[in-house]
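Okay, here's what each chain looks like letter by letter:
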Amino acid sequence: MAVAHEGGAFDLARNRAAGLSSSLAHFLRRYPLGAAGAAIVLAIVLMALLADWITIFDPTATDAHASLARPGGAHPLGADFMGRDMWSRIAFGARISLAVGVGATSLGCIIGVSIGLLSGYFGGWLDLVAQRFMDMLQALPLLVLALVMSAALGPSLENVILAISIPLVPTVARVIRSNTLMLREMPFVEAARAVGMNEISIALRHVLPNTLAPLIVLATAQLGSAILVEAALSFLGLGIPEPYPSWGRMLSESAAEYVRTAPWLVIYPGLAISLAVFGTNLLGDALRDIFDPRLRL
Amino acid sequence: MPLPGVLLKGEERMQSRLSTVSAATLLAVLVAGTPAAAQKQSGTLKYYHRDNPPTTSIHEEATVSTVNPFMAVFNNLVLFDQGKPVNSLETIVPDLAESWTWSADRKRLTFKLRQGIKWHDGKSFTSKDVGCTFDLLLGKAKEGLRLNPRQVWYHNVMNVRLDGDFEVTFELKEPQPSFLALLASGYTPIYPCHVSPREMRSRPIGTGPFKFVEFRRNEVIRLARNENYWKQGRPYLDAIEVRIIPSRSTRILAFVSGEFDMTYDTDVPIPLIKDVESQAPKAICQLRPTGVYVNLLVNQEAAPFNDARLRHAAALAIDRKSFDDILGQGKLGLSGAMQPLPEGAWGMPEEMLRSLPGYGADVEKNAADARAIMQGLGYGPDKLLKLKVSTRDIAIYRDPAVILIDQLKKIYIDAELDVVDTTIWHRKVTRGDYAIGLNLTGLAVDDPDVNFVENYTCSSERNYNKYCSPEVERLIALQSREEDHEKRKAIVWQIERKLAEDVARPVIHFQRAATCWYPWVKGLVLHQNSIYNGARFEDVWLDR
Amino acid sequence: MATYLIRRLLLMVLTLFGISVLIFVLLRIVPGNIADILFDAAGMVSAAEKHKLEAELGLDKPIVVQYVDWIGGLARGDFGYTYVSERPALEEILPRIPVTAKLAALAVMFSVLLGVPLGVVSAVRQNTALDYVLRVASLSGLSLPSFWLGLLILMAFVQYAGWIPIYTEKPARLWDELALLSIPAAAAGLRSSALVMRLTRSSMLEVLRQDYVRTARAKGASPAAVNYDHALRNAMLPIITIIGIEAAFLVGGLIVTETVFNIPGVARFLVEAIRWRDYPVVQNLVMFIAIIVVSVNFLVDMAYAVLDPRIRYEE
Numbered sequence: 000m001a002v003a004h005e006g007g008a009f010d011l012a013r014n015r016a017a018g019l020s021s022s023l024a025h026f027l028r029r030y031p032l033g034a035a036g037a038a039i040v041l042a043i044v045l046m047a048l049l050a051d052w053i054t055i056f057d058p059t060a061t062d063a064h065a066s067l068a069r070p071g072g073a074h075p076l077g078a079d080f081m082g083r084d085m086w087s088r089i090a091f092g093a094r095i096s097l098a099v100g101v102g103a104t105s106l107g108c109i110i111g112v113s114i115g116l117l118s119g120y121f122g123g124w125l126d127l128v129a130q131r132f133m134d135m136l137q138a139l140p141l142l143v144l145a146l147v148m149s150a151a152l153g154p155s156l157e158n159v160i161l162a163i164s165i166p167l168v169p170t171v172a173r174v175i176r177s178n179t180l181m182l183r184e185m186p187f188v189e190a191a192r193a194v195g196m197n198e199i200s201i202a203l204r205h206v207l208p209n210t211l212a213p214l215i216v217l218a219t220a221q222l223g224s225a226i227l228v229e230a231a232l233s234f235l236g237l238g239i240p241e242p243y244p245s246w247g248r249m250l251s252e253s254a255a256e257y258v259r260t261a262p263w264l265v266i267y268p269g270l271a272i273s274l275a276v277f278g279t280n281l282l283g284d285a286l287r288d289i290f291d292p293r294l295r296l
Numbered sequence: 000m001p002l003p004g005v006l007l008k009g010e011e012r013m014q015s016r017l018s019t020v021s022a023a024t025l026l027a028v029l030v031a032g033t034p035a036a037a038q039k040q041s042g043t044l045k046y047y048h049r050d051n052p053p054t055t056s057i058h059e060e061a062t063v064s065t066v067n068p069f070m071a072v073f074n075n076l077v078l079f080d081q082g083k084p085v086n087s088l089e090t091i092v093p094d095l096a097e098s099w100t101w102s103a104d105r106k107r108l109t110f111k112l113r114q115g116i117k118w119h120d121g122k123s124f125t126s127k128d129v130g131c132t133f134d135l136l137l138g139k140a141k142e143g144l145r146l147n148p149r150q151v152w153y154h155n156v157m158n159v160r161l162d163g164d165f166e167v168t169f170e171l172k173e174p175q176p177s178f179l180a181l182l183a184s185g186y187t188p189i190y191p192c193h194v195s196p197r198e199m200r201s202r203p204i205g206t207g208p209f210k211f212v213e214f215r216r217n218e219v220i221r222l223a224r225n226e227n228y229w230k231q232g233r234p235y236l237d238a239i240e241v242r243i244i245p246s247r248s249t250r251i252l253a254f255v256s257g258e259f260d261m262t263y264d265t266d267v268p269i270p271l272i273k274d275v276e277s278q279a280p281k282a283i284c285q286l287r288p289t290g291v292y293v294n295l296l297v298n299q300e301a302a303p304f305n306d307a308r309l310r311h312a313a314a315l316a317i318d319r320k321s322f323d324d325i326l327g328q329g330k331l332g333l334s335g336a337m338q339p340l341p342e343g344a345w346g347m348p349e350e351m352l353r354s355l356p357g358y359g360a361d362v363e364k365n366a367a368d369a370r371a372i373m374q375g376l377g378y379g380p381d382k383l384l385k386l387k388v389s390t391r392d393i394a395i396y397r398d399p400a401v402i403l404i405d406q407l408k409k410i411y412i413d414a415e416l417d418v419v420d421t422t423i424w425h426r427k428v429t430r431g432d433y434a435i436g437l438n439l440t441g442l443a444v445d446d447p448d449v450n451f452v453e454n455y456t457c458s459s460e461r462n463y464n465k466y467c468s469p470e471v472e473r474l475i476a477l478q479s480r481e482e483d484h485e486k487r488k489a490i491v492w493q494i495e496r497k498l499a500e501d502v503a504r505p506v507i508h509f510q511r512a513a514t515c516w517y518p519w520v521k522g523l524v525l526h527q528n529s530i531y532n533g534a535r536f537e538d539v540w541l542d543r
Numbered sequence: 000m001a002t003y004l005i006r007r008l009l010l011m012v013l014t015l016f017g018i019s020v021l022i023f024v025l026l027r028i029v030p031g032n033i034a035d036i037l038f039d040a041a042g043m044v045s046a047a048e049k050h051k052l053e054a055e056l057g058l059d060k061p062i063v064v065q066y067v068d069w070i071g072g073l074a075r076g077d078f079g080y081t082y083v084s085e086r087p088a089l090e091e092i093l094p095r096i097p098v099t100a101k102l103a104a105l106a107v108m109f110s111v112l113l114g115v116p117l118g119v120v121s122a123v124r125q126n127t128a129l130d131y132v133l134r135v136a137s138l139s140g141l142s143l144p145s146f147w148l149g150l151l152i153l154m155a156f157v158q159y160a161g162w163i164p165i166y167t168e169k170p171a172r173l174w175d176e177l178a179l180l181s182i183p184a185a186a187a188g189l190r191s192s193a194l195v196m197r198l199t200r201s202s203m204l205e206v207l208r209q210d211y212v213r214t215a216r217a218k219g220a221s222p223a224a225v226n227y228d229h230a231l232r233n234a235m236l237p238i239i240t241i242i243g244i245e246a247a248f249l250v251g252g253l254i255v256t257e258t259v260f261n262i263p264g265v266a267r268f269l270v271e272a273i274r275w276r277d278y279p280v281v282q283n284l285v286m287f288i289a290i291i292v293v294s295v296n297f298l299v300d301m302a303y304a305v306l307d308p309r310i311r312y313e314e
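Chains A, B and C, in that order, give the protein sequences. Going by numbering that gives the first Met the number 0, the first residue of the first sequence is number 0, and it counts up by one from there. Going by numbering that gives the first Met the number 0, the first residue of the second sequence is number 0, and it counts up by one from there. Going by numbering that gives the first Met the number 0, the first residue of the third sequence is number 0, and it counts up by one from there.
Please keep in mind that the hints were generated in silico from the structure rather than gathered at the bench. Yeah, the Cβ is synthetic: ideal placement off N, Cα and C, and Gly gets one too. Some clues are possibly wrong.
Here are the simulated DSSO-like cross-link-like pairs (lysine-lysine), alpha carbons at most 27 Å apart as the crow flies [said to hold, decoys possible]: (1) Lys273(B) with Lys122(B); (2) Lys169(C) with Lys45(B); (3) Lys141(B) with Lys169(C); (4) Lys141(B) with Lys51(C); (5) Lys320(B) with Lys497(B); (6) Lys45(B) with Lys408(B); (7) Lys51(C) with Lys427(B).
One side only, chain A facing chain C, incomplete, derived with CB under 7 Å [what the hints assert, rightly or not]: (8) Pro140; (9) Met185; (10) Glu189; (11) Ser273.
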C-alpha cells in the first residue's frame, strides 16, 4: 500500500524531506536564505542552551562599580545602570524569548489546531459557533488583545505566554479549518470510513497529519510575531516581570532613558530581537517553499 | 521675597524681622544700583510633566503629580517662603492670612485674613471659605471630598471658629507648634465654598497667581496669569504650559533639544545629570533631596517576620552603602525616617545614625551577626528561607528591590521578586498579603508631625504595615506638644531609635535627583527639604 | 447577491456583539478597578471608603446589570462617563481620533507607496539578485521592533539634526502637521510596507502564472504591457485584501509609535485607559477599533464579491 503519491501533501513532503536530509549541500544550494535562517535560529538556541558556559556573570547580579560600563573588557557588551552584564542578559534572555515565543506559539497552535480540526471536520453548529468566536478574536488587533489579557492576568512569565498565545489562535484555526475542509473530501477518508474507522480516529490519524505542513509554516511565522509582541508588551511595561532578563524588557523605558549615555543598552537587545525574528522568518519562508509552494508569500 | 516699599504685616516677631529685611533689601538695592524690577512681565514658562494628575484637586491627592502643576492656582492661609531654600517654622510667611497669634495656652491659633481678595470667578474671599475648606478636611461637609488622604493631619483640631468675615480661629486639643507647618504646605490650599469638590476635581477655582485654563489628559496643562491677583505686580509670567510626556527617554531628549524651559521637578536621576549637562551645556542642574524615601514594609503580623529575631537579622543584612553606590552614585548618605542632614532639620548626626541596629559601617560584621541569628533560628546554607519581596512594577520601585534580594542572599534568605501592577499592590498592602514590601514614601513637609503621624501612628491610614507601638505613639504625641526645638529633636531621635530597634519600617535612603533649567528662567528657588511646597511660580520670570 | 449581503451584515453584528461581551468580561477579570487606582494615588487603604466609592461609580452592581447599562447606553448614543476625569467618554476619545487617523493614513500610504512597487519589481524579476535583496530587506523590515526603530530615529534626529520630531503642539497648518507626522508614520509604516511588499509579490507571482497572461503574451502583447496592465490589474484584488489585513496589523504599531513620539492619539490613550482601569473609555475604544476592523473586512469582502462572482457561492 505504500504507493508514492497516495495520502496527500504530507507524504509528498516526507519523501522530499527524506531526500533532502540525505543531501544537505543540496539544501544549502537550493534554499540559501533558509539555510541562513536555520543557522541564525540554531545559533540563538545554542546561545540559550549554553548560556551558563559562555558567560561569566550572573545576569541578575548587580555591581555598583560596573554601572553603565562601556562595552569591552570583562563586559563585552557593556553593563546596565545596575551593573548587570549585558552579554549575560542577552544570552540568558535568549532562553526567555525563546520560551515565550515557542511557548506562546505552541499553545496557540495546539488550541488553534484543535478548534480548526474539529470545526472543519464536523461542521454544523460547532463550526458556526467556533467561527464566530474566531472572528471576534481576530477583529481585535494582536497587541490590543495581548495588552488587555496581560493586564487581566497580571505580569508573570506564564501569563505573558498565555496572553500572547490567545491572539494567535484564530489564524491557526482558520488555516487548519480550510485545510481540513479540503482533506475531508479526499478519497482516503472515504476509504477509512468504509473500513469502519470512527470519525474521531479518522480526524486524528488521517486528516491531522496532513495539516502539519501548512501548520509548520504558519508556526514559524507566528513565532516571529510572538517574540515581537512580547517585546512590545515589555516596552509598555506589561510584559515579563523582573528578574527574568527578557530582551523586550531590556528595551523598556528604563533602558531607553540612558539611550544617549549608554546606547549599547538599547542597541544590543534590539539587535537580538531583530535577529531572532529575522532568522525565524527566513526559516519559515524556506519551509514553506519546501512543503507547499502554493502558499508562497 | 518682599519688594522694597511693600511692608507685609505680620505677627510681632515677624514684623520686626521683616522690617529689618525690607530695610536691608532697600539698602542693598540702593547700594547695588540695580533696579529690583528688572523682571519682565511676559512669557510662557514651558516645562513637562511625567504623568497625569489623577484629578486637579490637591486635597484629594497625595502625589506631587497634582501639587506641582496646580499649586499655582491657589493660595494658603500661610506658606513656606518661596524664596528661601529650606522650609522651617521660621520661613513661614503670610499668604491669605495677614497675621496670626497663638493664645496663651497655645491651643488656639487666630488668623486675621486679608480683605479685598477675589476668587478667579470674581466672587469675594471670606473666612467662610476657610471654614468650608476645613469642613471638607475634617470630614464634616455635606458634599465631602471623594478621597481625603490627609485627614490624619488634623486629628488635633477640635473646631474651626469663624469670627466675622475676616477672622478664623483654630481650636486644638493639645498645643501643636507644627500646626502652622501643616497649613503652610503646598498640600493645604484654601478652597472656595461656592464650588463643589466635584468641580474642583476637573476645573479648580482658586485665588492664586494663575488661573486654570485647561487640562487635556496625557497632553497638556495650561494656566494663565490671574490679572486680578492681590499681590501687585505678580505674577510675572503670562502663562504656564505643562506638556505631559509619559515616556522618560522622550522627555529628557526633548529638554536637551530645547523644547522646554525646565525639566519636571527632580525628574533627572543622578546617572543622567552628566549626560544632560553635556548635551545641553547652557542648562543649570541642581541636585537635591526629593523628600521621598525608600523603605521596607515589614509585615509583622504574618510569618516569617512576626518573629522579632528574624526582623533583626534582616535589618542587619541591609547594606545601605551598596544601595547608595548603585542608585545614587554614593551621593545619598545615611538617614533615619526623617530627612537627613544637611537639608533636613531633624536629621541625626552620623555617629548617632551609626549606632542604630543595622547602620554600622562594618557591613561584613553585620552580615556575620545576621547569619548567626539565622543559624540560631535553624537556617543555614543548606536550609534557606524562601520568601517574596513584593513591589510595584515601576523602575524606581523595582531597582531597589532587585538590590535588596541580592543582599538577602547573604543571610540565607532566598527571596523572589514579586512584581505587581499598581492596583494589585494596593490590594496586597491593604490585606497584608505580603512578607516584605519595598515602598516609597513622600514627605509633604519636613516635620515629624507629618512623617511620624502619617506613617507610624496606630490609626493612620498611611501606616501600611500597621505597625503599632504604644510607646512610640506616646512619644509622637509628646514631641508634637513640645515648643523647644532642641527638646523636641531629642524626643524625635528617641522615636527614631525605637523605630529602628523594632524594625518598624526600615529606611534605606532618601532619594536625590536633579532639576534642570535654562539660564533665562529667573527667580526659581528650589526648596531643599521638600518638593511639595515650592510650585507657586509667582516670582518666576523669563529673561528673553 | 442581496442574501449574501444581508447574511454578512448579520454576521458582522453578531461578531461585534460577541466582542462587546468579550472585552467587557476581560476588563472585569482584570484585578483592580478605578477605585483601587484612585485610592492608591492618594495613598489611602481604607476598605470601607473604597466600597463607598465603588458604589458611587456603580461598580458594585451585578456584572450583567453593568453590561446592560453599557449596551443600553450605546444604543441611546450615551457612551458613558470616564471615571478618571468625570467627563463624557466621547469628549476624551473624539478629539484624539483625528491625529491617529492622520498618522494611520500616512503610514498606510507609506507602506503602499513603498511596498507595492517593490513587490511588483521583486515578482517580475523573480529569483534574480535584486529579488533576493528585496526579499531579505523586506524580511528585515518585518523583524524590527517598531518601537526600537522609533527610538533609534529619535536618537538620530537629536544627535545629527539637533531637533526632536516629537509632537508637542498641534501645528497651525495641516501641511506642517502632516510633515511632523510623516516621521513616526515612516517608523510605523516600515513593518507594514514589508508585509505589503511580500503580499504584493506573491499575488503578482500567482497572476503571472495564470493562463491568460501566457495567452496575452502569445497574442503578441509586449512584456511591459502584460506586466503592468493585465497582471497588476488582476493582482489588485488581493492587494485590497492586504490593506484590510494591514488595518489590524497597524494598530499595534500605532500604539508604540504614539508612545515613543509622544503623539496624543487614540492608540496611546487606550494603553493609558487600560492602566487606569477606566472601563467606559476602554470598552468604547475597543468597540470602536473592532467596528473599524470588522467594517474594513466587510468592505473588502464586498469588493471581492462584486469583482469575483465565484466567491459569492462559497459561504
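So, going through the hints one by one against the coordinates:
This hinted pair does not check out: Lys273(B) and Lys122(B) have alpha carbons roughly 49 Å apart, beyond 27 Å. Among the hinted pairs, Lys169(C) with Lys45(B) is consistent with the structure: their alpha-carbon atoms are about 15 Å apart, no more than 27 Å. For the proposed pair Lys141(B) and Lys169(C), the alpha carbon gap of about 42 Å is over 27 Å, so the pair is violated. Of the supplied pair hints, the one linking Lys141(B) and Lys51(C) holds, its CA atoms being roughly 15 Å apart against a limit of 27 Å.
Annotation: proposed proximity of Lys320(B) to Lys497(B) holds, straight-line Cα distance about 22 Å (limit 27 Å). The straight-line distance between the Cα atoms of Lys45(B) and Lys408(B) is roughly 47 Å, outside the 27 Å bound, and the hint therefore fails. For the proposed pair Lys51(C) and Lys427(B), the alpha carbon gap of about 19 Å is at most 27 Å, so the pair holds. Against a cut-off of 7 Å between C-beta atoms, the interface hint on Pro140(A) holds, since the closest Cβ of chain C lies about 4 Å away.
At its closest, the beta carbon of Met185(A) sits 19 Å from a beta carbon of chain C; the interface hint therefore is violated under the 7 Å criterion. For Glu189(A), the interface hint is violated, since its Cβ never comes within 7 Å of a Cβ in chain C; the closest pair sits about 23 Å apart. Satisfaction of the interface hint for Ser273(A) is found here, the shortest Cβ-Cβ separation to chain C being roughly 5 Å, below the 7 Å cut-off.
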